[in-house]
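A.B. asks: Chains as they are written, first to last, in this note's numbering: chain A, 1 to 332; chain R, 1 to 368.
I should point out that these hints are in silico values taken from the structure, not numbers from a laboratory.
Any given hint might turn out to be false.
A few chain A residues that don't get close to chain R, going by computed Cβ distances all over 12 Å [to be verified]:
no. : residue
1   : Phe81
2   : Lys87
3   : Arg163
Looking from chain A toward chain R, a few residues come up when the C-beta cut is under 10 Å (computed) [stated by the list, open to error]:
no. : residue
4   : Leu97
5   : Ala105
6   : Pro111
7   : Ile115
8   : Tyr146
9   : Leu147
10  : Val150
11  : Ser231
12  : Asp291
13  : Leu317
14  : Pro321
Once the Cα atoms are required to be at most 20 Å apart in a straight line, the calculated EDC-like pairs of lysine to aspartate or glutamate come out as [said to hold, decoys possible]:
no. : chain 1 : residue 1 : chain 2 : residue 2
15  : R       : Lys353    : A       : Glu173
16  : A       : Lys87     : R       : Glu189
17  : A       : Lys161    : A       : Glu173
Bear in mind that the values here come from a model prediction, so they are computed numbers and not experimental data.
Glycine residues also receive a C-beta, built at the ideal position from the N, C-alpha and C atoms.
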Amino acid sequence: MTNEQLLLGLASVLAAAAPVLFAVIGETISERAGVINLSMNGTILLTAMGSFAVALRTNSLWLGFLTGMAIGALVALIVAFSSITLKQSQVAVGFVLALLCRDLAYFLGNPYMNIPGPRLLAVPIPGLAQLPYVGTLFFNHTVITYLSFVMIFLAWAWIFKTRPGLMLQGIGERPAAAFVRGANVNRMRYLYTVIGGAIIGLAGPAYSLSVKAGWAGTISGLDGIGWIALSITIFGGWNPLRAAFGSYLFAFLQWLGLVLQARLPNIPSQVLQVAPFPLMILTLLLVNIGDAEWVARTLALLPTGLRRLAVRFLRALRASPPAALGVPFESE
Amino acid sequence: MEGSKGAKLTAKTIKWISPLFQAAAFLLALSFTTLILLAVGAPPGQAYLNILKGAFGNTNSIANVLVVWAPLLLTTVGVLITFSAGLWNIGVEGQVTLGAIFTTWVLRLLQESALPPWLIILLAMLAGMLGGALWAALAGALKTFGGVNEIFGGLGLNFVATALTLWLIFGPWKRPGTGSMSGTLPFPETLWLPTLSGLRLSPWALGLALLAVVVVYLMLRGTRFGLRLKAVGKNMRAAYLLGVPTWQHMMASFLLCGLLAGLAGALQVTAVYHRLIPSISSGYGFLGLLVAMLVNYQAVWAVPVALFFAALNIGSIQLPIVLRLDSSLAGVLQGLLVLSVLLVEGARQQIMKRLRLSDESAPVEERP
């Protein structure tokens with residue numbers, strides 16, 4: 001593989017990670033506020049189909065992306081309404097929506113299958129795109145990929161560096177304390193769930209109008225991405241920067257699978273495509289295992305030097321969810 | 001005295017109001033589906049009639065509905081056990097798949113042997129149950145010893161199970177020549193679970209599924225184990241303090257669910273496909289979760305509701321040919337049904353709560 005091919009390959013990894021990134025960041029924001037939006041897998045499929053259909057009919061890519069955000073926000077609104085107002089299980093409603101939106105996408109998308117449609121083109125950034133290495137890698141992408149770069153830092157800065165972001169952390173960690181501080185916990189949860197949903201809604205069009213342009217029904221290869229994004233959210237420890245790392249790692253592994261496929265003809269391609277999933281479980285295990293009681297007991301038996309090392313390693317990987325994740329809040 | 005009279009009235013109201021709300025939920029789902037059909041320009045009446053005919057039009061189609069019903073019942077009552085323990089066993093899909101893989105494995109190992117066919121089938125199905133239980137145990141171990149939430153562990157394991165299936169079909173177990181998405185080579189007819197003459201329906205599959213419903217119903221209803229399981233599911237900390245070994249009960253519920261899901265997978269191989277195919281689980285794991293939610297976690301109701309869902313699945317198969325509609329309409333209707341039941345139930349609870357606020361003495365109603 002030449003240098004140029006490698007660079008192009010890595011640039012394609014950055015582009016392929018964009019939809020996953022939107023999903024993961026949207027979910028991170030929603031979960032930071034204390035609401036799990038489990039519907040993601042269906043939302044991604046429905047927004048991919050809906051955006052493509054609208055973009056095809058109106059011949060406007062922007063309307064396509066807007067449709068995606070609107071659908072994502074609407075699905076999130078159902079999750080918010082049923083969990084915050086009706087006090088139903090977030091997991092139950094989210095899971096049903098995940099299946100419902102998927103089937104709805106297949107049903108409504110039937111007439112749009114395998115039709116060539118509009119597609120986002122790469123916009124090289126003048127001046128920067130010509131730079132050696134960096135230019136190919138970062139500055140020769142579609143608008144939506146640039147937006148994914150910006151989104152990482154925007155979300156990170158919002159959550160950790162602003163006052164409203166501090167409140168957002170508060171309503172997910174200690175809603176009662178945030179309430180005393182004057183936050184309208186449930187209204188904020190509504191707001192952030194819907195905003196998160198709109199961002200998740202960008203993931204679908206990022207596929208159907210850019211990365212994997214078009215709609216191919218059940219063979220679109222998008223079924224399952226939402227579940228992956230959900231585990232990357234946990235891997236990311238509810239921090240956009242770490243979540244971005246997880247998304248890029250996932251996209252890189254998938255790309256590696258494609259590259260290796262040419263070199264290892266004995267392994268069926270279907271296997272390499274799903275190879276990142278076991279790795280995802282392993283990372284989830286590493287992220288969570290530090291909390292297990294037996295681990296603490298085992299570590300206590302180790303010699304001091306080794307124990308410190310192990311503890312530091314596990315602590316670095318560890319991520320604990322927002323304390324009030326999935327717990328309804330009542331002010332009275 | 002005034003207070004107790006008020007409470008009586010409320011209890012009575014609850015009794016007749018509940019089915020009313022459920023009927024409203026059903027109508028809501030149906031009207032929404034009708035709107036969707038109208039939106040795509042399809043005749044709703046014809047679509048529903050087509051589903052009905054496709055499911056119950058002749059003996060053959062009725063038999064096919066029952067072919068779907070059996071594994072769906074197994075996964076439904078399986079996840080009822082894990083739901084009782086407060087666990088969301090999304091990994092049930094992978095547990096079905098592993099059941100199918102283990103069954104295929106044993107059938108392949110023994111098909112050349114001198115053992116009588118019935119024994120081979122029996123061993124293969126037992127292996128399938130073991131496979132499902134093993135996969136469930138993995139999700140359970142990840143949860144208990146690794147702190148990985150069963151939803152995420154289960155989802156990951158589902159993907160691994162799919163990968164394993166594909167690898168086997170295209171790798172070690174591939175058909176002579178090149179592997180294909182149509183699966184492994186079919187087994188000889190002697191290794192098929194006997195079916196009713198001329199139909200795809202195996203009475204054995206049906207019998208096993210109904211037996212499982214009865215066993216699970218009795219277990220959750222009338223045994224110490226079932227009671228403790230529910231205690232763990234309702235309030236783990238309280239159960240632990242009362243001396244119920246909590247993680248052991250959670251693990252046991254995983255294992256039992258895995259056994260039933262594995263049996264569903266075994267039936268898919270021995271009674272339906274007679275080989276391993278890429279989508280061997282047919283989504284019955286997820287569908288079972290939906291049914292379990294719809295019946296409000298009651299095993300008895302699983303029987304008619306699973307039948308209804310199976311009928312929708314089979315009835316919609318003809319839709320693409322007759323009306324040029326995608327067969328995923330069945331999934332849309334199923335999903336809408338569960339969603340509206342959840343929403344309407346939530347609304348009912350909120351309304352009841354409001355009413356109760358004005359009548360403090362009313363009995364407190366609990367729901368899992």
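A.B. asks: Is the nearest Cβ of chain R still more than 12 Å from the Cβ of arginine 163 (chain A)?
C.D. replies: Holds: least Cβ distance 31 Å, greater than 12 Å.
A.B. asks: Given isoleucine 115 (chain A) as an interface hint, is its Cβ closer than 10 Å to any Cβ of chain R?
C.D. replies: 15 Å, violated
A.B. asks: Taking 12 Å as the cut and beta carbons as the points, is phenylalanine 81 (chain A) off the interface with chain R?
C.D. replies: Per Cβ check, phenylalanine 81 (chain A) is inside 12 Å of chain R; nearest 8 Å; violated.
A.B. asks: Tell me if alanine 105 (chain A) is really an interface residue toward chain R, meaning its C-beta lies closer than 10 Å to one of theirs.
C.D. replies: 8 Å, holds
A.B. asks: At a threshold of 10 Å, is the proposed contact between tyrosine 146 (chain A) and chain R supported by beta-carbon distances?
C.D. replies: The hint is violated - tyrosine 146 (chain A) has no Cβ within 10 Å of chain R, the shortest such distance being about 30 Å.
A.B. asks: Is the shortest C-beta separation between leucine 97 (chain A) and chain R less than 10 Å?
C.D. replies: At about 7 Å, which falls below the 10 Å cut-off, the nearest Cβ of chain R leaves the hint on leucine 97 (chain A) intact, so it holds.
A.B. asks: Minimum Cβ distance from serine 231 (chain A) to chain R below 10 Å?
C.D. replies: Interface hint status for serine 231 (chain A): holds (5 Å vs cutoff 10 Å).
A.B. asks: For the hint on proline 111 (chain A), just tell me whether its beta-carbon gets within less than 10 Å of chain R.
C.D. replies: 8 Å, holds
A.B. asks: Given the proposed pairing of lysine 353 (chain R) with glutamate 173 (chain A), does the C-alpha separation stay at or below 20 Å?
C.D. replies: 27 Å, violated
A.B. asks: Tell me if valine 150 (chain A) is really an interface residue toward chain R, meaning its C-beta lies closer than 10 Å to one of theirs.
C.D. replies: Hint violated; valine 150 (chain A) Cβ to chain R Cβ min 28 Å, cut 10 Å.
A.B. asks: Can the hint on aspartate 291 (chain A) be confirmed by a CB-to-CB distance to chain R that is less than 10 Å?
C.D. replies: 5 Å, holds
A.B. asks: With a cut-off of 10 Å, does the beta carbon of leucine 147 (chain A) approach a beta carbon of chain R closely enough for the hint to hold?
C.D. replies: Leucine 147 (chain A) check fails; min Cβ-Cβ to chain R is 28 Å, beyond 10 Å.
The structure is inconsistent with the numbered hints 1, 2, 7, 8, 9, 10, 13, 15, 16, although it conforms to all the rest.
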